[in-house]
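Asks: Build the full structure now, drawing on both the sequences and the hints.
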Amino acid sequence: MLEPVRMVKVSVVGPKEYLEKTSSTLYRLNGLHIEDYKEEDEYFRIGEPLERASKLSKLLVSVRSILSYAGVKDGYEPERVFSVSELNREIDVKVRELEEVINAKVSRIKEIEERLRKIGDERRALIPLKSLGIPPDLLTGYRNIEVFAGFVKSNPFERIVEVTKDFELFISEYDDEFVVAVFVKKDSAEDVFRVLQEFSFREISVPEIDVGYDERLRQLESEETELKEELSGLRKEIKRYEQENLDLLLALEEHLSIELEKSELPLRAATSKYAFVIVGYVPEEMFETFQKVVNEETDGKVVALKINDREFNPPTALKNPVFAKPFELLTKSYAVPKYSEIDPTIIMSVFFPIFFGFMLGDIGYGIVILALGLWLSTKFKTEGWQALLKVLNYSAISTIVFGFVYGEFFGFELFGHKTVFAELFGHESSIAHMFAEIPHVNRLEKAPAILVLTIAIGVFHMAMAYVIGIRNVAKEHGWKHAIEEKFNWLMALISIALIITGFILNNMAGKTAFELNYAYIAAVPFLILWAVLTIIGEGPMFLIEYLTLLSNTISYARLLAVGLASVGFAVAFNYMAFEMLWPSGPVGIVAAVLVFLVGHFINILLGILDPGLQSLRLHYVEFFVKFFEGGGRLYAPFGRKRKYTKED
Amino acid sequence: MAVEGMVAVGAGLAVGLAGIGAGLGEQGIGAAAVGAMAEDPSFFGRGLLMTVIPETIVIFGLVVSFLLMFM
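These protein sequence lines map, in sequence, to chains A and B.
Just remember that the working numbering sits 28 ahead of the position in the first sequence, which is counted from 1.
Just remember that the working numbering sits 1191 ahead of the position in the second sequence, which is counted from 1.
Calculated from the structure, these hints are not laboratory results.
Ideal Cβ placement from N, Cα and C applies to all residues, glycine included.
The list that follows gives simulated cross-link-like pairs (lysine to any residue, SDA-like), each with its CA atoms no further than 20 Å apart:
| hint | chain 1 | residue 1 | chain 2 | residue 2 |
| --- | --- | --- | --- | --- |
| 1 | A | K366 | B | S1233 |
| 2 | A | K503 | A | E339 |
| 3 | A | K44 | A | G328 |
| 4 | A | K44 | A | P77 |
| 5 | A | K360 | B | A1224 |
| 6 | A | K539 | B | L1259 |
Stretch by stretch, here's where chain B covers chain A in the computed footprint (C-beta under 8 Å, at least three residues):
| hint | segment |
| --- | --- |
| 7 | 473-480 |
| 8 | 583-597 |
Replies: Here it is, written out as C-alpha cells:
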C-alpha cells in the first residue's frame, strides 16, 4: 500500500522459432516490463522485427490517416467490438476498401483546393491589371517588345527616360502602390528592368485569357462557388462514411498497432543465431502464473526464470486502494516515486481533502462544488479529468463536513446565538433556540485557538514526513545516514513544537513571551541532539536550516488564513446584499440578489482554486520535500487492454 | 490616536506589505515556471512548488498581525 508493487527480475529464454508465439503470449499476459537490450556482443545482437512488421506499419499508416479525419471524442464507447480473427481474415480487403473510398475523395479534395488556390492567384493578378485599363490580350504575345507589368512604389517615368526614349508607360494607383505596365524594345529591356527594380518592382504574371477582365472575373467567381459547394459536400461525405465505419476503423487501428508492437518485440530482445533472451520485470504476485503460462503456451520450449542480478532497477507501479487512486495524479505530477521509496499517495488522499475542507469549510459551498464535480465528471471522460474531479468531489464532501463543524452556510452563521434563524424568526423563537444549542466552532471568534491547532497539524504532518524520510534513507543508505539526515530534523521539529508551546503557555498566563517555563526547558535536550547530529552528519552550515523548518511550521497557518479570507468575502457579500441593498425597495432587492449570486459565484471559484492550490502546496513544499526524492520509471508492461477488439 | 488603532494599522501593514513583497518575489518565479512548463509540461509540480515559496512571507505577516490583534 505504502510501497510500490514488488517486482522480480525475469529472463524469458527460448528458441528463435518460438519468438512470435512468445510475443503473443507476453502481450496477452500484459505484465512484463521489458528492459530493452542495448549492448550487442559477439553472440547476442538486437533482433530483427518479424517479417510482417513492414506490411503492418503500412496498413497502420493508412488507417491512421483515414481516422485522422474522423475526430474521435475522448471516452468514446464503441457500439460494436470486432473479434481478432474476423479482423485478421478481412484486414487487407477492409483497409483497401476504406482506402479506395476515402482516397478517391481525398485526392479530389486536394485537386479542388489546388484549383481554388489558382483561382485566388488569378484574381489577385486580374484586379490590379484591370485598373490599368489595357485589355489583357494586349499585355502579352509581342515578338520585339517586352512588357513589364507589376507593382512599384512610385512613378518610375523620370528614371526610365534616362535609360531609353523608346518606351510606353501606363500607370495607375492601387492601394498604397502603383500598378505599371511598361512596353519597351527587347534591346533595352534589361536596363529598364534594372531601373524598375530600384522602385521595388514586383511582377504580376499576366494570365492568358481571351475575354475581358469583368467577364473573366465573373467566370472565376461562379467556378469558385461551384468548387466550394463540391468541397463541403465531399467533406461531409467523408465525415459520414467515417461515422458509419468508426467502430471498424478504431478496431483496425487497435488491432494493427497491437500486431505491430508484437512483431517489433525482437527489437527489444537479445537474439543469437538460434535463441532469444528477453529481460524485464514482472510483479512478484503474478510471477508464478506468468512462468506457468509462458511455459505451457510454448509447448515447454520457452522458459521464464527469476534472476538475481546485481543490476536491480525495477520500474515503479503504484498500488493504492480505490479511494486513493485519483490522488496518484497529484503524486505523479510532482515526481514518480523510486522503487525503493514510500509512495505518499495514500497519506495525501487523507490529508488533501482534510486540508481543503479545513480551509473552505462551508456547507453551501461544499454542496455546490460537489454538484459541479459530479456534473463535470459526466462530461469529461478522460482519465486525467476523472481523477481530478474525484479529488474535487472528496474535497467537497470534506468541505461539507467542516461546514457543519464551523456552522457556516454561504457565509451565514447557522449555529449559535447570532444565526440567520434568530434574525428571521426572532431571538426568542424555538427555531433560534434549537440552532443555538448545536455545538460548533465559530471560526472568526476562535481564530487564535484555530491558529494554534493549524500549527499542531503542521507539526504532526511534518513529523510523519520525517518518519517516512528515516525509513527511505535507512533503506537506501543505512541507519547511520537516516539518523544524521532525517532523525535530527525530527528532533528539531519537536523542539520547535515545544518552543511554540512554551510561547503559547506564557501568553495565556499573561507573562512575557520568553520567560522560562517547562516547555522551553523540555526543548533543550532535543535542540542539543539535533545540533550535534546535524554538525556530524551535514556540517555546521546546515544549522541555518532550522529557520526553514520554523517557517515550514508556521506555513501551516495558511489553513486558517485562506479560510478566513473566504469567510470574509462571503460575509461581506451577504452584508452588501441583505443589509445594504435589500431594505431599499424593489430595485434594491433585485440588486441584492445579483450581488449575492455574483459574489458567491466568484467566491466559490476562488474557493476551489485557492484551497486546492494551498493544500497541494502544503503537500509539495512542506511534506514531500522532507522524504520524497522521486526519479522512478513508471511500470509500462508489454501489452495493453483491448477496447475496440476482442480475442477469440 | 488610541493604541488599539495603531495596533490595527500595524496588523494591516504586516499583512499588506508582506503581500506586496511576496507578489514581487513571485512575479519572476511564476514567469520562469510557466516558461519551463511550456517546454516540458511535467514540470508543473515543481513549477508550482517554486512559485509559491515566497508566499510563506505573507503567512508570517498574518501570524504577526494575529499576535498583534489577539494576544
